[in-house]
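Protein chains: 2
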Amino acid sequence: MVNNTDIPTAAILVIGDEILSGRTKDKNVGFIADRLTELGIDLKEVRIISDEQPAIVSGLNALRAAYTYVFTTGGIGPTHDDITADSVAAAFGVTIDIDQRAVDVMLERYEKADLTESRLRMARIPAGAELIANPVSKAPGFQIGNVFVMAGVPNIMQAMMDDVSTRLKGGQKMLSLAIEAGMGEGMVAKPLAELQLEYPDVSLGSYPYMRDGKFQTSLVLRCRDEERLNLVAEKLADIVTELQKSNAD
Amino acid sequence: MVNNTDIPTAAILVIGDEILSGRTKDKNVGFIADRLTELGIDLKEVRIISDEQPAIVSGLNALRAAYTYVFTTGGIGPTHDDITADSVAAAFGVTIDIDQRAVDVMLERYEKADLTESRLRMARIPAGAELIANPVSKAPGFQIGNVFVMAGVPNIMQAMMDDVSTRLKGGQKMLSLAIEAGMGEGMVAKPLAELQLEYPDVSLGSYPYMRDGKFQTSLVLRCRDEERLNLVAEKLADIVTELQKSNAD
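Protein sequences, first through last, are from chains Y and F. All residue numbers for the first sequence refer to this note's numbering, where the first residue is 20 and numbers rise by one. All residue numbers for the second sequence refer to this note's numbering, where the first residue is 20 and numbers rise by one.
Looking at chain Y on its own, in the form it has when it is part of the complex (with noise of 0.2 Å):
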């Protein structure tokens, strides 16, 4: 058996006006969360919200003293509008100001010349904070504590997370699988609640969506042992193939 007490457990801190307002399409949940699960640690929340101090310091807070690590996106960048590296420091109850290890990156890229007054925001990290590298455009990310702190641009929070996955302690990978029903969930939720019953140890979902205006469901077994994964994969598979059957006659 697994000890799930083991399992390291994470959230995701969205900070952006323009994904509530609509304009922009969120990318990077999906990302973080596909890299979790293959890391071995549980995401179990996300929260997108506003670009506003207390908005920011007060779920930053709520959610660093409740899970493992917590990963934020967005509001790094040179513009008067980018205010998370102070809302940070202010949640954190720590100083900030221009840090010479990030000035030192970005020289990498710019000109010492060309390192404005707002470029030189960007240089900006909470005191305590060790960097994290940003192989696309220099201007580094942070980590303080057990927050992660990222660019909201997909392909540059993408190799952020390059970077922080080698600090992250994974837990053993949870395993999953996925058994087409090939038909509505109402035909298939009464066998699947019992086998639920039976083996509480292997969480059991269902995920319909539709297909050709057909319902369709996706059954997925979950479990972080694979022999347990592989026993009620099967009796699954067996009870799908009966009501396939039976819904052929």
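If you are wondering where the hints come from, they were derived from the structure by calculation, not from laboratory data. Predicted, not measured: the structure shown is a model, and the values here were computed from it. Each hint should be verified, as a subset may be incorrect.
Note that the list lumps identical chains together, so a pair holds whenever it fits in one copy or between two copies.
What the hints assert, rightly or not - Computed cross-link-like contacts, BS3-like style, restricted to lysine-lysine with a CA-CA straight-line distance of at most 27 Å:
no., residue 1, residue 2
1, Lys131, Lys264
2, Lys188, Lys233
3, Lys264, Lys192
4, Lys254, Lys264
5, Lys192, Lys157
6, Lys157, Lys188
7, Lys233, Lys209
8, Lys188, Lys46
9, Lys131, Lys44
10, Lys233, Lys254
11, Lys44, Lys157
12, Lys209, Lys131
Since chain Y is already given, all that's left is putting chain F on it; use the hints.
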């Protein structure tokens, strides 16, 4: 001037392990965000949580106390992992049982003999709730207080949102204009910040993105007053034109 205290606010609660595991990429937040912007309602927060009753109850109670409207998606199907309706009833402290109005609309699709115990789970509605019409597959959503409970399957959620929209009191619409800067945001950050200081009633956002390996920036102006919006947009367009000229020199 527009009085912002008259602007209704909203939150979305996405209920779904499949989003948190990365298996399914959410499409509902963007759709609801767009619709609320059209209606003049400010979406202030989104939370994505797992299919666990304590998470649903505490998330819902936090959001419904803080915002004018709350929209939930997911977890109202016929299977054992569909626990949203029961969790909403628990959050409101009301009973829940099979609702004859819901049974009646489901009989428009199903023969009475086909309304199995599993399918009748979809007719469980908290006491005091009003139904939300589902023209796609009949099993209804419901409204209780300021909370609108909808399906997770995108085309069903979208159809339900048509019914829901008629019940929402919109505010004065947020208007927006976008100007393409044609340069990275570091180049425009300083004059943009100065313009924001001069016109605090028009929100100026700066959204970087990459195209063909080069940084580009969308500058977005948002205001509920059309005259003020146009005034500041003209000033910003002039600033951008000047910057482009001096870059070209």
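Regarding Lys233 and Lys254, is the shortest C-alpha distance of 27 Å or less found within a copy, between copies, in both, or in neither?
The answer is within: 25 Å in one copy meets 27 Å, while 53 Å across copies does not.
Alpha-carbon proximity context of Lys188 and Lys46, limit 27 Å:
within (24 Å within a copy, 30 Å between copies)
Is it within, between, both, or neither for Lys209 and Lys131, if the alpha carbons may be no more than 27 Å apart?
Answer is between: at 17 Å across copies they meet the 27 Å cutoff, but 68 Å inside does not.
Which holds for Lys254 with Lys264 at a C-alpha limit of 27 Å: within a copy, between copies, both or neither?
within (16 Å within a copy, 70 Å between copies)
One pair to classify: Lys192 and Lys157, alpha carbons no more than 27 Å apart. Within, between, both, or neither?
Classified as neither; 32 Å inside a copy, 39 Å across copies.
What label fits Lys44 with Lys157 when the C-alpha limit is 27 Å: within, between, both, or neither?
Only inside one copy: Lys44 and Lys157 sit 25 Å apart there, 29 Å across copies, limit 27 Å.
When no copy is specified for Lys233 and Lys209, does a C-alpha distance of 27 Å or less occur within a copy, between copies, both, or neither?
Within one copy only: 20 Å inside, 55 Å across.
Lys131 and Lys264: within-copy, between-copy, both or neither at 27 Å Cα:
Between copies, since 23 Å is at most 27 Å while 73 Å is not.
Between the shortest in-copy and the shortest cross-copy C-alpha distance, which are at most 27 Å for Lys264 and Lys192: within, between, both, or neither?
Neither: 35 Å inside a copy, 55 Å across copies.
Between Lys157 and Lys188, at a C-alpha cutoff of 27 Å, which is it: within one copy, between copies, both, or neither?
Classified as within: same-chain Cα gap 25 Å, cross-chain 46 Å, threshold 27 Å.
I want to check one pair: Lys131 and Lys44. Are their C-alpha atoms no more than 27 Å apart within a copy, between two copies, both, or neither?
neither (35 Å within a copy, 42 Å between copies)
Reference check for the pair Lys188 and Lys233, CA-CA at most 27 Å: within, between, both, or neither?
Neither way: Lys188 and Lys233 sit 43 Å apart in one copy and 35 Å across, limit 27 Å.
Of the numbered hints listed earlier, those contradicted by the structure are 2, 3, 5 and 9.
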